[in-house]
Amino acid sequence: MDNSPYWDTRLAAMAETYPNDIPRPDLMHADTGHRPSNGEYSKYLYLAARYYRDHDCDDADTGYPFQFEDPAFNALWARSELALAEIAQRIGLDTASHHRQAQRIADALSRLWSPELGCYVARDTVSDEPQQPVRTIAGIAPLLVPGLPHEQDLLDLLRGPHFALGTVAMVPSHDLLAPTFDPARYWRGPSWFNTAWLIAEALWERGLTSDAAQLSRSMEDSALAHGFPEIPRPVHDGATRHLPVQLDRRARPRPLDPAGGRPMTPIRTADRVAEHVHRRPHMRRVLGNAERGAAATFRTQLPAALSHADRGAFPAER
1 MDNSPYWDTR LAAMAETYPN DIPRPDLMHA DTGHRPSNGE YSKYLYLAAR YYRDHDCDDA
61 DTGYPFQFED PAFNALWARS ELALAEIAQR IGLDTASHHR QAQRIADALS RLWSPELGCY
121 VARDTVSDEP QQPVRTIAGI APLLVPGLPH EQDLLDLLRG PHFALGTVAM VPSHDLLAPT
181 FDPARYWRGP SWFNTAWLIA EALWERGLTS DAAQLSRSME DSALAHGFPE IPRPVHDGAT
241 RHLPVQLDRR ARPRPLDPAG GRPMTPIRTA DRVAEHVHRR PHMRRVLGNA ERGAAATFRT
301 QLPAALSHAD RGAFPAER
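In this text, residue positions in the sequence shown follow full-length UniProt numbering: the first is 1, and each later residue adds one.
These aren't lab readings, by the way, just hints derived from the structure by calculation.
Between beta-carbon pairs, the in silico distance windows are:
| id | residue 1 | residue 2 | range |
| --- | --- | --- | --- |
| 1 | Q103 | E220 | 30 to 36 Å |
| 2 | G166 | A15 | 40 to 46 Å |
| 3 | D21 | E86 | 44 to 50 Å |
| 4 | P161 | A15 | 36 to 42 Å |
Note that CB positions come from ideal geometry on N, CA and C, so glycine has one too.
Based on the sequences and whatever the hints tell you, model everything.
As structure tokens, then:
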């Protein structure tokens with residue numbers, strides 16, 4: 001979540017140490033107003049170079065200027081441990097270590113809870129300052145972790161006016177009522193299919209079939225109504241046009257889970273997607289051009305970005 005408001009204070013306190021003449025292949029398919037600025041990217045690249053190049057991904061760099069405890073990252077980590085436990089069980093291995101790790105992460109999430117906001121928030125571990133006072137999709141992501149003590153608070157927030165589940169497109173990435181909400185700027189307002197899918201999974205697993213089905217339909221409608229945008233705007237009928245959603249047209253609708261009537265996947269729309277593309281020749285061109293354009297971008301722009309680092313364009317920390 002590159003331009004999440006969680007990072008604003010910390011990034012503002014950093015000195016820009018990477019030159020601004022950096023490759024911006026993202027602007028080939030997005031408006032400049034929707035993307036981070038060159039100044040922000042100069043800080044992103046400095047942080048990446050310091051961690052990856054200068055310290056070989058060694059967390060012993062205690063002076064690293066950007067360190068956070070993020071609720072979404074930790075929720076996905078706990079969820080991954082539970083998935084590993086399920087895999088281990090199916091192949092006859094011990095599951096205890098994975099369950100212990102998932103519980104350890106779930107317990108640690110409690111330090112990120114904000115009773116004032118009714119959700120989890122990121123914590124800046126460099127300054128150890130008070131938690132960032134903003135509601136984002138990252139703060140709802142811990143719904144993926146079973147057994148959290150604030151589950152009902154998160155559901156109330158999701159259904160209430162701040163995220164308006166069921167009345168807007170999917171799930172906005174940022175609080176609809178906050179002054180920093182922007183329906184066009186990546187993680188400051190637009191809805192994302194990946195995070196909506198995660199929330200739908202959490203709803204299905206809690207037996208909240210009405211909410212889950214409604215969100216699944218919203219994902220389907222958002223994709224088909226706007227030509228498969230990367231990030232639909234949640235509050236009106238427009239969509240921010242970045243790279244189209246990648247489609248797997250080999251997928252087929254799957255039967256309901258007989259145990260609970262839950263679809264085996266939240267979205268079962270491959271046939272409708274294929275029909276939509278077939279009936280609209282321009283969509284075939286859009287999808288084809290996007291795929292070729294992305295490949296060309298990585299061929300031409302990525303080596304250039306790497307060459308900056310190879311030439312030592314990242315100044316050493318003073």
